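Model the full assembly from the supplied sequences, consistent with the hints where possible.
Each protein sequence line maps, in turn, to chains A and B.
Start counting at 1 in the first sequence, then tack on 2, and there's your number in our numbering.
Start counting at 1 in the second sequence, then tack on 2, and there's your number in our numbering.
Just so you know, the hints here were simulated from the structure itself, not pulled from any lab data.
It should be emphasised that the depicted structure is a prediction, and the values quoted were computed from it without experimental measurement.
Do not take every clue at face value.
[Stated by the list, open to error] SDA-like, lysine to any residue: derived pairs with alpha carbons at most 25 Å apart:
#1 A:K518 / B:E29
#2 B:K544 / A:Y126
#3 B:K72 / B:E29
#4 A:K530 / B:N318
#5 A:K530 / B:D59
#6 B:K440 / B:I477
#7 B:K544 / A:Y65
#8 B:K544 / B:G412
#9 B:K269 / B:I208
#10 A:K531 / B:I477
#11 B:K544 / B:Y120
#12 B:K530 / A:Y126
#13 A:K531 / B:E130
#14 A:K518 / B:E130
#15 A:K544 / B:F517
#16 A:K531 / A:E245
#17 B:K395 / A:Q327
#18 B:K467 / B:I350
#19 B:K518 / A:H197
#20 A:K530 / A:R63
#21 A:K269 / A:A201
#22 A:K395 / B:R510
#23 A:K518 / B:D121
#24 A:K395 / B:F517
#25 B:K544 / A:R63
#26 A:K269 / A:R537
#27 B:K291 / A:M514
#28 A:K269 / A:H197
#29 A:K312 / B:F517
#30 B:K531 / A:V539
#31 A:K544 / B:N318
#32 A:K395 / B:E361
#33 B:K518 / A:E56
#34 B:K292 / A:M514
#35 A:K4 / A:K136
#36 B:K518 / A:E245
#37 B:K518 / A:R282
#38 A:K395 / B:M371
#39 A:K267 / A:Y483
Chain by chain, the residues run as shown.
2 protein chains.
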Amino acid sequence: MKIALAQIDYHIGNFDGNLQKMLERVEQAKALGADIVCFGELATCGYPPRDFLEFDDFIRRSYASIDALKKASRGIGIVVGSPSRNPVIEGKDLYNSAYFLYDGAELGVQHKTLLPTYDIFDEYRYFEPATAFKTVSFKGKKIALSVCEDIWNVGNENPLYTICPLDEMMAEKPDFILNISASPFSYDHANVRIHTVRANVERYNIPLFYTNHVGAQTDIVFDGGSIVMSPDGRVFDEMPYFEECLRVYDLDEVVRGGKTNEQPKDKIKLIHDALVVGIRDYFGKLGFKKAILGLSGGIDSAVTAVLAAKALGQDNVRVLLMPSQFSSDHSVNDARQLAVNLGMQYDILPIQPMFEAFETALQAQFAGMPFNVTEENIQARIRGTLLMAMSNKFGHILLNTTNKSEMAVGYGTLYGDMCGGISVLGDVYKTEVYALAKFLNKDAEVIPVNSIEKPPSAELRPNQKDSDSLPEYDILDKILYQYIEERKGPRTLVEMGFEESLVARVLRMVNMNEFKREQAAPVLRVSKKGFGMGRRVPIVGKYLS
Amino acid sequence: MKIALAQIDYHIGNFDGNLQKMLERVEQAKALGADIVCFGELATCGYPPRDFLEFDDFIRRSYASIDALKKASRGIGIVVGSPSRNPVIEGKDLYNSAYFLYDGAELGVQHKTLLPTYDIFDEYRYFEPATAFKTVSFKGKKIALSVCEDIWNVGNENPLYTICPLDEMMAEKPDFILNISASPFSYDHANVRIHTVRANVERYNIPLFYTNHVGAQTDIVFDGGSIVMSPDGRVFDEMPYFEECLRVYDLDEVVRGGKTNEQPKDKIKLIHDALVVGIRDYFGKLGFKKAILGLSGGIDSAVTAVLAAKALGQDNVRVLLMPSQFSSDHSVNDARQLAVNLGMQYDILPIQPMFEAFETALQAQFAGMPFNVTEENIQARIRGTLLMAMSNKFGHILLNTTNKSEMAVGYGTLYGDMCGGISVLGDVYKTEVYALAKFLNKDAEVIPVNSIEKPPSAELRPNQKDSDSLPEYDILDKILYQYIEERKGPRTLVEMGFEESLVARVLRMVNMNEFKREQAAPVLRVSKKGFGMGRRVPIVGKYLS
Numbered sequence: 003m004k005i006a007l008a009q010i011d012y013h014i015g016n017f018d019g020n021l022q023k024m025l026e027r028v029e030q031a032k033a034l035g036a037d038i039v040c041f042g043e044l045a046t047c048g049y050p051p052r053d054f055l056e057f058d059d060f061i062r063r064s065y066a067s068i069d070a071l072k073k074a075s076r077g078i079g080i081v082v083g084s085p086s087r088n089p090v091i092e093g094k095d096l097y098n099s100a101y102f103l104y105d106g107a108e109l110g111v112q113h114k115t116l117l118p119t120y121d122i123f124d125e126y127r128y129f130e131p132a133t134a135f136k137t138v139s140f141k142g143k144k145i146a147l148s149v150c151e152d153i154w155n156v157g158n159e160n161p162l163y164t165i166c167p168l169d170e171m172m173a174e175k176p177d178f179i180l181n182i183s184a185s186p187f188s189y190d191h192a193n194v195r196i197h198t199v200r201a202n203v204e205r206y207n208i209p210l211f212y213t214n215h216v217g218a219q220t221d222i223v224f225d226g227g228s229i230v231m232s233p234d235g236r237v238f239d240e241m242p243y244f245e246e247c248l249r250v251y252d253l254d255e256v257v258r259g260g261k262t263n264e265q266p267k268d269k270i271k272l273i274h275d276a277l278v279v280g281i282r283d284y285f286g287k288l289g290f291k292k293a294i295l296g297l298s299g300g301i302d303s304a305v306t307a308v309l310a311a312k313a314l315g316q317d318n319v320r321v322l323l324m325p326s327q328f329s330s331d332h333s334v335n336d337a338r339q340l341a342v343n344l345g346m347q348y349d350i351l352p353i354q355p356m357f358e359a360f361e362t363a364l365q366a367q368f369a370g371m372p373f374n375v376t377e378e379n380i381q382a383r384i385r386g387t388l389l390m391a392m393s394n395k396f397g398h399i400l401l402n403t404t405n406k407s408e409m410a411v412g413y414g415t416l417y418g419d420m421c422g423g424i425s426v427l428g429d430v431y432k433t434e435v436y437a438l439a440k441f442l443n444k445d446a447e448v449i450p451v452n453s454i455e456k457p458p459s460a461e462l463r464p465n466q467k468d469s470d471s472l473p474e475y476d477i478l479d480k481i482l483y484q485y486i487e488e489r490k491g492p493r494t495l496v497e498m499g500f501e502e503s504l505v506a507r508v509l510r511m512v513n514m515n516e517f518k519r520e521q522a523a524p525v526l527r528v529s530k531k532g533f534g535m536g537r538r539v540p541i542v543g544k545y546l547s
Numbered sequence: 003m004k005i006a007l008a009q010i011d012y013h014i015g016n017f018d019g020n021l022q023k024m025l026e027r028v029e030q031a032k033a034l035g036a037d038i039v040c041f042g043e044l045a046t047c048g049y050p051p052r053d054f055l056e057f058d059d060f061i062r063r064s065y066a067s068i069d070a071l072k073k074a075s076r077g078i079g080i081v082v083g084s085p086s087r088n089p090v091i092e093g094k095d096l097y098n099s100a101y102f103l104y105d106g107a108e109l110g111v112q113h114k115t116l117l118p119t120y121d122i123f124d125e126y127r128y129f130e131p132a133t134a135f136k137t138v139s140f141k142g143k144k145i146a147l148s149v150c151e152d153i154w155n156v157g158n159e160n161p162l163y164t165i166c167p168l169d170e171m172m173a174e175k176p177d178f179i180l181n182i183s184a185s186p187f188s189y190d191h192a193n194v195r196i197h198t199v200r201a202n203v204e205r206y207n208i209p210l211f212y213t214n215h216v217g218a219q220t221d222i223v224f225d226g227g228s229i230v231m232s233p234d235g236r237v238f239d240e241m242p243y244f245e246e247c248l249r250v251y252d253l254d255e256v257v258r259g260g261k262t263n264e265q266p267k268d269k270i271k272l273i274h275d276a277l278v279v280g281i282r283d284y285f286g287k288l289g290f291k292k293a294i295l296g297l298s299g300g301i302d303s304a305v306t307a308v309l310a311a312k313a314l315g316q317d318n319v320r321v322l323l324m325p326s327q328f329s330s331d332h333s334v335n336d337a338r339q340l341a342v343n344l345g346m347q348y349d350i351l352p353i354q355p356m357f358e359a360f361e362t363a364l365q366a367q368f369a370g371m372p373f374n375v376t377e378e379n380i381q382a383r384i385r386g387t388l389l390m391a392m393s394n395k396f397g398h399i400l401l402n403t404t405n406k407s408e409m410a411v412g413y414g415t416l417y418g419d420m421c422g423g424i425s426v427l428g429d430v431y432k433t434e435v436y437a438l439a440k441f442l443n444k445d446a447e448v449i450p451v452n453s454i455e456k457p458p459s460a461e462l463r464p465n466q467k468d469s470d471s472l473p474e475y476d477i478l479d480k481i482l483y484q485y486i487e488e489r490k491g492p493r494t495l496v497e498m499g500f501e502e503s504l505v506a507r508v509l510r511m512v513n514m515n516e517f518k519r520e521q522a523a524p525v526l527r528v529s530k531k532g533f534g535m536g537r538r539v540p541i542v543g544k545y546l547s
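Following this line, the structure appears as structure tokens:
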């Protein structure tokens, strides 16, 4: 028996586009002699569809795609995820289902049991869990069909859940497991995924075929990396990351095992690739081609510009240099050098005339009051307005260049440097931005080394340095990581050796600035805990603030 | 037996503040001879605590409050909601629990069974549902303790759920039901709440005591309206809306019934009161006193200003009039008249000098291109920058004045008129804003009648009217209501009689502008479906867009 796995870049709500891609793969799989072709979780409608699921019309269109695939299933088994209606009145209206279609009929439908409802996931908001578990019989084989999370409670060892659907299916002695997933990328996830697939294979002693989505849906990036694992626990094949791919596997060969093909897993390379895909798909799926961003001469905007050039092509990225009276010559020079290195169109728009116009307008109101963060913010907002003006006039999307460290502590101006359609680095700590810059410069000095080596500064007042207001990034990022990703509280952080008053100060900065993040651009998620839907914190909360 | 219900304005994460309020009510209830005093759901930590629940430290502090209340329970039963740890490894780590404390001990703990995971609610993200149901025996009575949603599946008639926890408890023949809730306001919710309480009373034929939160937590407003219902199905008492309150009830009298006291339920009055509380608590809970907003001479900013004056006092609200070259004289006059009527400090800051500075700066880039939405947006962003500058300099919070109709169709400038800490009218359709204006003017012409009667316009280009780009609000609001609140899809809307191309156009505007709402200020929620956490729609989705 030959099994094709297809990892595809689906698009939420784009039923025609998703169906077209799948129909093409069905033909391709047939041509390659496959008996079965597997698509992803909720492949008809894209993932995560969120509240679109509450529209009857949306569900009807999902069913229409299933019907079309059914018609295309002459001579080939098609495994595909789609929402399905719960016929029972009690409980949620929908199931998250895996269909097995063949020769114009449904051979089986297995609903998802374990409904992730944490981090970015809200599945229990929409779906009823399965209570029935049945294998599908096809060409003399019994197949355990499963959807994503359902293989993530092997032997009931995941503390989140109380049931293990695969255990239930084993009474029927399936020959192999098919898992259709929509499992988002984070830079440390690929190993966990392989570990989990292996735990299943070791427990049940049968092969497992796992297929994932690729591509980004706003903030959430899918990396693919679909897996075939032999009963010997080896990764028979791991598909490439961040690329669409279709491959056909011979079941007997997989059962025999002994073969290994894994993808390399370098953290910074993975983050890099995820961000490039994240930018590309944000533009592509919204129907935009061109980006704009501000270049300050600093490292964050430099890294963002290089990533944008890789994602969209240098001709599709335009940059503005917007020096203030406090900008140093070297900043403008570094920014210009970067634009030249990248071959990007750049404009230099000094902001002083507009700043003076604002100062004059507010003269009476501000009389006798010293220059402070207000004037810093005015400058940042003038830049935001200039960038948005270019974006509006020429149909660009503005890329936000704020990094995760700044976003965490609120070191940025709302409606100023926080503007943008998508935040490229908002899930990348400053120390990781440095590593990305070195990675981008590994073959040639694309980013001027001066941008990397000089002390970070917003240049909004004379001789300003980030370290005037913030702890050094080396230590700050460690505290932030433990607080945000690992959810360690103040007491634990102090026990870990961080200085008590510093911990209190950092946590207070994070919690006081929830209101800024509420209005931030969506952030390309590359860690296991990014800002946005995956992290839900009350604004008026008085906890640690 | 005497039962005190306390409806309190809790504050998320403010353990000391919440505890202090409850301890005061314990003393008050004792002084009034109460045997039991009841507080709200998750009263120790406030509701909704969201991801704060993932911090051990947060849970430890909740337990510390329970310990303190236990000590205070000499001679009085205290019923209070708090998160509690699930001792079993499998399943979610926490329960959402109702404690019954008395004489320094726990007489009982009942966990919540039905975990709302829809709209603004994410309870299954954090909590394991209860599987055990036991009444509490106290002074010869058996009490069925329940938490909020657990009375919302009477006779298993709610399609969301498959179990009815109260049914389970009835085997023990309780004498009455105590329900501790955190049930947010929407203008049509009070009747539903009474209906639900009555359905329980009729099914079980015993009295029900229901206590709710009051006050706002960022976007979510709690209206109180705690209910005591006699077995005869009459509302023995309904506490006031939007006010803290403690009242003591004699159980025998409640059982006897025959008495009725309900609150009036006028939609516009309720919305008005909710918005005033929403503003007041946003400022109070963040520790701010002063608001700023822009007055355009139009109805939205006028209504917002009056509500702000009511919430914070006229001396704490400052307004800016920022006419452009396209502003009509009457707009400035109407705005000034309103400020005078309200006795507010106002400044007039014409934006033309700044607009000219931007035009000059962008002259080369925009050469030969006509005036379009770009220049309109620049003006809106200059206003946003001026307002934020004042806010930064003087420690105001900027109030956003965008209404729900505009927010829905994206008729507003991101980083311009969409700026603000909190959106006052973002859940109030334009047609409802008119009704609010009339309500505010019922005793005197506070809002100049011209602001109410003239055709709406953004005045960002010559002779602009909202109706140039949008359908008339009468019809637009009806379509929006059906699509947003009632989740009717395009086919259903056409079946309802709306014109097909208009439906397609409106739905497309709504869905294309998801990216703007993603970066909008939190919106005070007054309807059953507001923008924000209660409505989760993918930005890059290609559905109906």
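Hints, one by one, checked against the model:
no.: 1; hint: A:K518 / B:E29; in the structure: violated, 40 Å
no.: 2; hint: B:K544 / A:Y126; in the structure: holds, 23 Å
no.: 3; hint: B:K72 / B:E29; in the structure: holds, 13 Å
no.: 4; hint: A:K530 / B:N318; in the structure: violated, 43 Å
no.: 5; hint: A:K530 / B:D59; in the structure: holds, 21 Å
no.: 6; hint: B:K440 / B:I477; in the structure: holds, 20 Å
no.: 7; hint: B:K544 / A:Y65; in the structure: holds, 17 Å
no.: 8; hint: B:K544 / B:G412; in the structure: holds, 17 Å
no.: 9; hint: B:K269 / B:I208; in the structure: violated, 31 Å
no.: 10; hint: A:K531 / B:I477; in the structure: violated, 43 Å
no.: 11; hint: B:K544 / B:Y120; in the structure: holds, 23 Å
no.: 12; hint: B:K530 / A:Y126; in the structure: holds, 20 Å
no.: 13; hint: A:K531 / B:E130; in the structure: holds, 22 Å
no.: 14; hint: A:K518 / B:E130; in the structure: violated, 32 Å
no.: 15; hint: A:K544 / B:F517; in the structure: violated, 29 Å
no.: 16; hint: A:K531 / A:E245; in the structure: holds, 24 Å
no.: 17; hint: B:K395 / A:Q327; in the structure: holds, 21 Å
no.: 18; hint: B:K467 / B:I350; in the structure: holds, 23 Å
no.: 19; hint: B:K518 / A:H197; in the structure: violated, 40 Å
no.: 20; hint: A:K530 / A:R63; in the structure: violated, 32 Å
no.: 21; hint: A:K269 / A:A201; in the structure: holds, 24 Å
no.: 22; hint: A:K395 / B:R510; in the structure: holds, 22 Å
no.: 23; hint: A:K518 / B:D121; in the structure: holds, 23 Å
no.: 24; hint: A:K395 / B:F517; in the structure: holds, 18 Å
no.: 25; hint: B:K544 / A:R63; in the structure: holds, 13 Å
no.: 26; hint: A:K269 / A:R537; in the structure: holds, 22 Å
no.: 27; hint: B:K291 / A:M514; in the structure: holds, 17 Å
no.: 28; hint: A:K269 / A:H197; in the structure: holds, 17 Å
no.: 29; hint: A:K312 / B:F517; in the structure: holds, 24 Å
no.: 30; hint: B:K531 / A:V539; in the structure: holds, 20 Å
no.: 31; hint: A:K544 / B:N318; in the structure: holds, 23 Å
no.: 32; hint: A:K395 / B:E361; in the structure: holds, 12 Å
no.: 33; hint: B:K518 / A:E56; in the structure: holds, 21 Å
no.: 34; hint: B:K292 / A:M514; in the structure: holds, 18 Å
no.: 35; hint: A:K4 / A:K136; in the structure: holds, 22 Å
no.: 36; hint: B:K518 / A:E245; in the structure: violated, 30 Å
no.: 37; hint: B:K518 / A:R282; in the structure: holds, 20 Å
no.: 38; hint: A:K395 / B:M371; in the structure: holds, 9 Å
no.: 39; hint: A:K267 / A:Y483; in the structure: holds, 21 Å
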